[in-house]
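There are 2 protein chains.
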Amino acid sequence: MTTTSRQWVVAARPIGRALSEDDFRLETAPVPPVGEGQVKLRTDWLSFDPAQKSWMENIAGYVDPVEIGGLMPGAGLGEVVESHHPGFAPGDLVTGPIGWREMAVLDGAKLAAVPQGVPPTAALGVLGGTGKTAYLAFVEVGKPKPGDTVVISGAAGATGSIVGQIAKLSGCRVIGIAGGADKCAWLVDELGFDGAIDYKAGKIRGGLKQHCPNGIDVFFDNVGGDILNDAMARLAVGARVVICGGISRYNADPRDPEQMPPGPRNYFNVVFTGATIQGFLLPRYEAQFAVANRRLAEWVRSGALRYREDIQAGFENAPQTLMRLFDGRNFGKQLLRVGSA
Amino acid sequence: MTTTSRQWVVAARPIGRALSEDDFRLETAPVPPVGEGQVKLRTDWLSFDPAQKSWMENIAGYVDPVEIGGLMPGAGLGEVVESHHPGFAPGDLVTGPIGWREMAVLDGAKLAAVPQGVPPTAALGVLGGTGKTAYLAFVEVGKPKPGDTVVISGAAGATGSIVGQIAKLSGCRVIGIAGGADKCAWLVDELGFDGAIDYKAGKIRGGLKQHCPNGIDVFFDNVGGDILNDAMARLAVGARVVICGGISRYNADPRDPEQMPPGPRNYFNVVFTGATIQGFLLPRYEAQFAVANRRLAEWVRSGALRYREDIQAGFENAPQTLMRLFDGRNFGKQLLRVGSA
Numbered sequence: 005m006t007t008t009s010r011q012w013v014v015a016a017r018p019i020g021r022a023l024s025e026d027d028f029r030l031e032t033a034p035v036p037p038v039g040e041g042q043v044k045l046r047t048d049w050l051s052f053d054p055a056q057k058s059w060m061e062n063i064a065g066y067v068d069p070v071e072i073g074g075l076m077p078g079a080g081l082g083e084v085v086e087s088h089h090p091g092f093a094p095g096d097l098v099t100g101p102i103g104w105r106e107m108a109v110l111d112g113a114k115l116a117a118v119p120q121g122v123p124p125t126a127a128l129g130v131l132g133g134t135g136k137t138a139y140l141a142f143v144e145v146g147k148p149k150p151g152d153t154v155v156i157s158g159a160a161g162a163t164g165s166i167v168g169q170i171a172k173l174s175g176c177r178v179i180g181i182a183g184g185a186d187k188c189a190w191l192v193d194e195l196g197f198d199g200a201i202d203y204k205a206g207k208i209r210g211g212l213k214q215h216c217p218n219g220i221d222v223f224f225d226n227v228g229g230d231i232l233n234d235a236m237a238r239l240a241v242g243a244r245v246v247i248c249g250g251i252s253r254y255n256a257d258p259r260d261p262e263q264m265p266p267g268p269r270n271y272f273n274v275v276f277t278g279a280t281i282q283g284f285l286l287p288r289y290e291a292q293f294a295v296a297n298r299r300l301a302e303w304v305r306s307g308a309l310r311y312r313e314d315i316q317a318g319f320e321n322a323p324q325t326l327m328r329l330f331d332g333r334n335f336g337k338q339l340l341r342v343g344s345a
Numbered sequence: 005m006t007t008t009s010r011q012w013v014v015a016a017r018p019i020g021r022a023l024s025e026d027d028f029r030l031e032t033a034p035v036p037p038v039g040e041g042q043v044k045l046r047t048d049w050l051s052f053d054p055a056q057k058s059w060m061e062n063i064a065g066y067v068d069p070v071e072i073g074g075l076m077p078g079a080g081l082g083e084v085v086e087s088h089h090p091g092f093a094p095g096d097l098v099t100g101p102i103g104w105r106e107m108a109v110l111d112g113a114k115l116a117a118v119p120q121g122v123p124p125t126a127a128l129g130v131l132g133g134t135g136k137t138a139y140l141a142f143v144e145v146g147k148p149k150p151g152d153t154v155v156i157s158g159a160a161g162a163t164g165s166i167v168g169q170i171a172k173l174s175g176c177r178v179i180g181i182a183g184g185a186d187k188c189a190w191l192v193d194e195l196g197f198d199g200a201i202d203y204k205a206g207k208i209r210g211g212l213k214q215h216c217p218n219g220i221d222v223f224f225d226n227v228g229g230d231i232l233n234d235a236m237a238r239l240a241v242g243a244r245v246v247i248c249g250g251i252s253r254y255n256a257d258p259r260d261p262e263q264m265p266p267g268p269r270n271y272f273n274v275v276f277t278g279a280t281i282q283g284f285l286l287p288r289y290e291a292q293f294a295v296a297n298r299r300l301a302e303w304v305r306s307g308a309l310r311y312r313e314d315i316q317a318g319f320e321n322a323p324q325t326l327m328r329l330f331d332g333r334n335f336g337k338q339l340l341r342v343g344s345a
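Taken in order, these protein sequences are the chains called V and E.
Residue numbers are given in our numbering: position 130 of the first sequence equals residue 134, and the series is strictly consecutive.
Residue numbers are given in our numbering: position 281 of the second sequence equals residue 285, and the series is strictly consecutive.
Hints may be right or wrong, so weigh each one.
When chains are identical, the list treats them as one kind, so a pair holds in a single copy or across two.
[Unchecked claim] In silico DSBU-like links for lysine-lysine, alpha-carbon gap of 35 Å or less: (1) K147 with K207; (2) K204 with K147; (3) K213 with K149; (4) K172 with K147; (5) K213 with K147; (6) K213 with K114; (7) K204 with K172; (8) K114 with K207; (9) K114 with K204; (10) K172 with K114; (11) K147 with K114; (12) K207 with K149; (13) K149 with K204; (14) K213 with K172; (15) K207 with K172.
Simulated from the structure, these hints should not be mistaken for laboratory data.
Put together the whole structure using the sequences plus the hints.
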């Protein structure tokens, strides 16, 4: 008897345009036998991140190429159903690069056990790549000092909301930029941000002026575009600008320079302020993953670090769930519950 | 008897447009008596720098405000004719913030003796603010490592040509971008650059691809605009982009965001490379001036550091001489010989 699994494959590369359901195709594929050192698992949760669109475009070249017709990659959480790896036993919950499929056979070396004492899905967000990105980008590139004024774009997103709380733990004043009154209220009332600016209400420049009378010491950018440019106009002397994401740019075609949106007009302010703009990409900081994971887990267990999940359901909705990230529909870490798990 | 001196004053602020002769007015003013601690000098040379246009605009706020009708500021070299300061005697050659006037009375504390063993005008260029900018911006912000590929825009300019030679002394491969075959030939044949790209012949991107097969480790920018954007497309992992100047932007009005030229579209490449973009402003590095001056003087005396001067003549030509910097007419450090000195 051959076991089969449903899986989503990449049908087209969404270069220079928004994602569409037609970029994905639902297929059924056989599940291979479990080899030595391998584990078979049933997928319970899928995790979503804007970078997945870049992987489909296969331009930047910083991950394994995604082929047309190949499995859509992505992190997930599953339950072990069969194991030929000494580290895992049936019933264990594990995370790893499962991809968009309901059942998978993976090398055990690529999997991590879900930590004890926290809700399992935390392993996909605050204790997964999202949390490590927030911690390492903010600490290693943002170089916070107590008393700094920190401004975060995409502040109610999975990464931004963690960055803001770590900034508070670091003794900083924290201002978030987010879309909508509900997200702004959550940042201030629930997460303890010192202020929030609703970009959908306009007036980003005025809001930055009001909330940052002495300028911005750390600007943590997940958005790009006008928000980045406005922030560049208010940098303090010696400011650090962390380029972590650019959600406003993800539908432009990087192969066509004319089509790309302009960079920040105000970049030249780095001369007057001596400021630094630096990019962050998680894989470069692998040597610090263990430290980041330990600290994040402690903060989650103690309640010092809070997070919000945006939970969708049904494996067939995976493409639509990814698309939520690109128009700000998600509120918190975007997850998909697969099947009835 | 009252001594008088001709002087150029600022007649208008050249904001959002090119400099014009009408922005200056030639006047005659009395020379005040020499007070305690002061020195009277006769100006022999004036030194020119693109930042002088910014001073006239009085926007950035990083120098003393320049008033309409006030003396045009600028560095110069003069001969002491009367001294009430113990450090200077008649006949001494000194440099300092003389401004555009033929005779001046200044506090001795603001003056520096011209060093021995080098041509006096070196004190205005390679041993003045130009040389210190080149050394400190390249070393402190560019952080060169031996084997790095260094690309310099405005490479035949006063700052760029010194940066390139210091980069060679640092064990780097050096590619210059300059306007015209004569400037490019000078960089390679006289200064020892490993290659040069003539931006007037177009093909900057192709030139960078050819000369930097492994990417750019340090990009030292004096220009901005398309050249900066093209360089951002070829950054190596861990690259440092030094923003030292932006000659392509100096005629735009920073108060009008819509009028400013776009920033580098390719800025997001800092994410994929982990690169850093940082600005440089000389006054912030004052603590290192003595070290920089000593090293530059040693290299000039030994012949390791060469420079070229673009010498104009006649005090009445000061405005036209400054304007040469903004269309690339100058070839080397721009100086004006005042009177018959």
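(message) Within, between, both or neither: how does the pair K114, K207 come out at a Cα-Cα threshold of 35 Å?
(response) neither (46 Å within a copy, 45 Å between copies)
(message) At most 35 Å between CA atoms: does that hold for K213 and K114 within a copy, between copies, both, or neither?
(response) neither (47 Å within a copy, 37 Å between copies)
(request) Since the copies are identical, ignore which copy is meant and state whether K114 and K204 lie within 35 Å (CA to CA) inside a copy, between copies, both or neither. (result) neither (41 Å within a copy, 52 Å between copies)
(message) Regarding K204 and K147, is the shortest C-alpha distance of 35 Å or less found within a copy, between copies, in both, or in neither?
(response) within (29 Å within a copy, 41 Å between copies)
(request) Using 35 Å as the alpha carbon limit, work out where K172 and K147 are close: within a copy, between copies, both or neither. (result) Both. Shortest intra-copy (14 Å) and inter-copy (32 Å) distances satisfy the 35 Å Cα cut-off.
(message) My question is about K213 and K149: at a cut-off of 35 Å on alpha-carbon distance, are they close within one copy, between copies, both, or neither?
(response) Answer is within: at 21 Å inside a copy they meet the 35 Å cutoff, but 40 Å across does not.
(message) Within a copy, between copies, both or neither: which one fits K204 and K172 at a CA-CA cutoff of 35 Å?
(response) Within one copy, since 25 Å is at most 35 Å while 51 Å is not.
(request) With 35 Å as the alpha-carbon cut-off, assign the pair K207 and K172 to within, between, both or neither. (result) within (25 Å within a copy, 48 Å between copies)
(request) With 35 Å as the alpha-carbon cut-off, assign the pair K207 and K149 to within, between, both or neither. (result) within (28 Å within a copy, 44 Å between copies)
(message) Cα distance capped at 35 Å. Does K172 pair with K114 within a copy, between copies, both, or neither?
(response) within (33 Å within a copy, 45 Å between copies)
(request) Using 35 Å as the alpha carbon limit, work out where K147 and K207 are close: within a copy, between copies, both or neither. (result) within (28 Å within a copy, 39 Å between copies)
(request) Give the relationship of K149 and K204 under a CA distance limit of 35 Å: within one copy only, between copies only, both, or neither. (result) within (30 Å within a copy, 45 Å between copies)
The structure is inconsistent with the numbered hints 6, 8, 9, although it conforms to all the rest.
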